[in-house]
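Here is what each chain is made of, one letter per residue.
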Amino acid sequence: MAPPQDSSPKPPKPAAKPPATVTPAVKPSPATSPTKPAPPGVASPAAKSPEPTRHPAPNTPVLLRRTPASGSGPVAPPRVPAPSVVRSISGTPGPSSAGAAPGAAQGAQLEALLAAMEAQDYFQILKVEKSANPGEIKRAFHRVSRAYHPDRYYQLVDARLKEKIMRVYKRMTEAYYVLRDDAKRDRYIADIEGPDRAQKLRFTEVAEVETKMAVKKQAEEQIGTTPKGRQFYAAGLFELEAQRWSAAERSLKIAVTFEPSNARYKEKLAEAQRKIYEEMKQKGESFKIK
Amino acid sequence: MADEIAIGIDLGTSYSCAAIVENGHPIVIPNEWGDLTHASVVSFLDNGTVLVGNNAKKNIITNSECTVYSAKRLIGRFYFSDEVKKAQAVMPYQIVEGENNSVRILVRGKKYSLPEISALVLKEIKEIAESHLGHPVQKAVVTVPAYFNDNQRQATKDAGRIAGLEVLRIINEPTAAALAYGFGKALNQKIVVYDLGGGTFDISILEIGKEVFEVLATAGDTYLGGDDFDDRIMKWLAEDFLGKTGLDLRENKYCLQMLKDAGEKAKIDVGRNGEAEIFCGAICQDPEGRVMDLRATLKEEQFNKMVGDLVQRTFKVCDEALMSARMTAAEIDAVIMVGGPTRLPVIRNGVRHYFQKEPLEGIDPDQVVAMGAALQAHTLLSNSSDTFLVDVTPLSLRVGTVGGYTERIIEKNTPIPIDKSKTFTTSRDGQEKVKIRVYQGESNRAEDCEMLGEFEFSGFRIGYRGEVRIDVTFEINTDGIVKVSATDLATGKKTSTTISLSSGLTEADIQRSIQANRAIHLAGRASAAAMPALPG
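Residue numbers (the numbering used here), protein chains in the order written: chain S, -17 to 272; chain A, 849 to 1384.
Derived from the structure by calculation, the hints contain no laboratory data.
Derived DMTMM-like pairs: lysine to aspartate or glutamate, alpha-carbon spacing no greater than 25 Å straight-line:
hint, chain 1, residue 1, chain 2, residue 2
1, A, Lys1038, S, Asp163
2, A, Lys1083, A, Asp1096
3, A, Lys1270, S, Asp163
4, A, Lys1270, A, Glu1295
5, S, Lys144, A, Asp1267
6, A, Lys1058, S, Glu118
Based on the provided sequences and hints, a complete structural model is requested.
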């Protein structure tokens, strides 16, 4: 798990970080990119003059520099090839001639990244600390966007490769969407630090109706001062919901005997009795006809 | 790919505009007469040709039944929607029902879908661009109001295809405006785009940097635009006339058109000069056969009072957007105004007051969107640009559940592209198929949301209710268009669909429309010679 490695005395770092994200934006630093000579198929497209080389510059160093920060081992390998995917793609406007080999290699790299992402939490995907402030999260998202935004690969001919980039980027957007919202982020942290981490790596929205119902139900169940009263009241509510009116009436009557002054109990009891009366009335008519 | 030309098109309710990037700068493309904006009006002439643009606009009165305008108000809508009913009451052309609750326009005995009408506007623009550039144009970025729902986006994209354009991307109008404003300036600002068009109102809050244009929130009203301002003037004129003469001009569609024309003109005059003289000669005859004129004077004060509530409505939407972005008006660095009606002093003053800031000068509200679209087209086609957009989905995406409720899957203002899944289950024992209804809107009641479409999922393992688990995945792509797929978690069986219902166009329909569009000859176009025109 990541937390132990992400040593928390980070607060001073925010000050140091922004420059780290900004510096690579100064373009003529491709030489610093160690991933540059990666894929074999890249060398061919010489058609594009300075752009292809300078293009990856903003991406590569950033991603590398971040690697040690987020720590966990299995994540690192796919991250290194990833920028090279980016690089080679952006450098090949019409790579159909370059053949299937580089496409396949890039595809495999993206596939590896996608597979790695399945085991990563959102902090790892965006490569930020759990303590990162909203500004850092935003910057991190912009940084990955620079590398993986689908617009950058619009010209890519290989639709399957494009699709993979889209899948990578969608997960990044998702991470950003959750982490930028304090409430969602807190819930997410609780989720991934809990025992079900593996199942909760992807944030699950609490169902609106469910939340509302749950809150209401909980509030209802809290009503009452005696345990027995609460118990029968809850049973009564359950029967009401199931539209078994007389069973509800029975339970609620018992609840009222435990807490004769509870207005809520009496209200629900009255509701159950009204329902019974209504039903009786309907049935009563038919009895008369008989 | 010899011709890597792509233009940006602002397909507006009343006017459209096209731009292209030349030497790194967006330039608006004029037509042969030097017009920079072109009325989104399509007039079907009796010789079988079609007139589009500012010349067609003149036909709204003389050839009213065969002249279609404000098609954008109807595109992507269902036949039963309020907007369609409203249009039927006021539009001189015939709006009829097509298959699957779709809307069709009946002109000269032929039925046209809304994308087909819009495609004619796009065709005109395409030809204007071609004759200006001297090259064929096959690619374009087309803009839509940020608050357009999925159906409306899909229909707009279809329109582009029918017009023979490869639509590289659908982008939101306010986002395009922000792009035109901030592109290449290395700004670091939080800006608001206040976009009041002919038929729609959008507000977007963006954070723009050197490379990133990130939409923080967007809100809007697709039932509010400059047309509503015209309506107010029309209503006032009509009631005034009724009071004086006992004749209701609104009973006759011809008179109504004259009124509409007068209303629009008065609105512009009042905005420009603070007063408008309204005169419609021979607008009608009374029962005795006397020809009547309509005369009135509209003062600015009076006009402001008439439209005050409309202006206030836009600020309610602004409140909503700021709330979504968790910002206050004071945090905004700049306000960009988009759309013709934002020239009105009543709007400018309102905006100044609300944001405590002077709206930016020097941005043409009619052209800025097309320029942004052109920049985006240019960015997509070139590998050199570092600019990228992060946009959001304007409306929550929902799935219909039992009992008329909906369950939210993707919240509004979620950055796109994104996908999300949710697991659903069957409601009956032994259920063989489920109907997945997709909605867009902010209510958990289905009836208060817009239904985008429904599809059936079957072939999953049959079991007791609550036992079968079906995973429904929603994907919103970079065009803001929704794709839905369902998977049976037990068997892995999958089905997917790009929801399209109200566009009502199947792939075959689109292919047919493309052929039909090619065959249509645009009247008065010099470049028409380049197009093989079929004899009518």
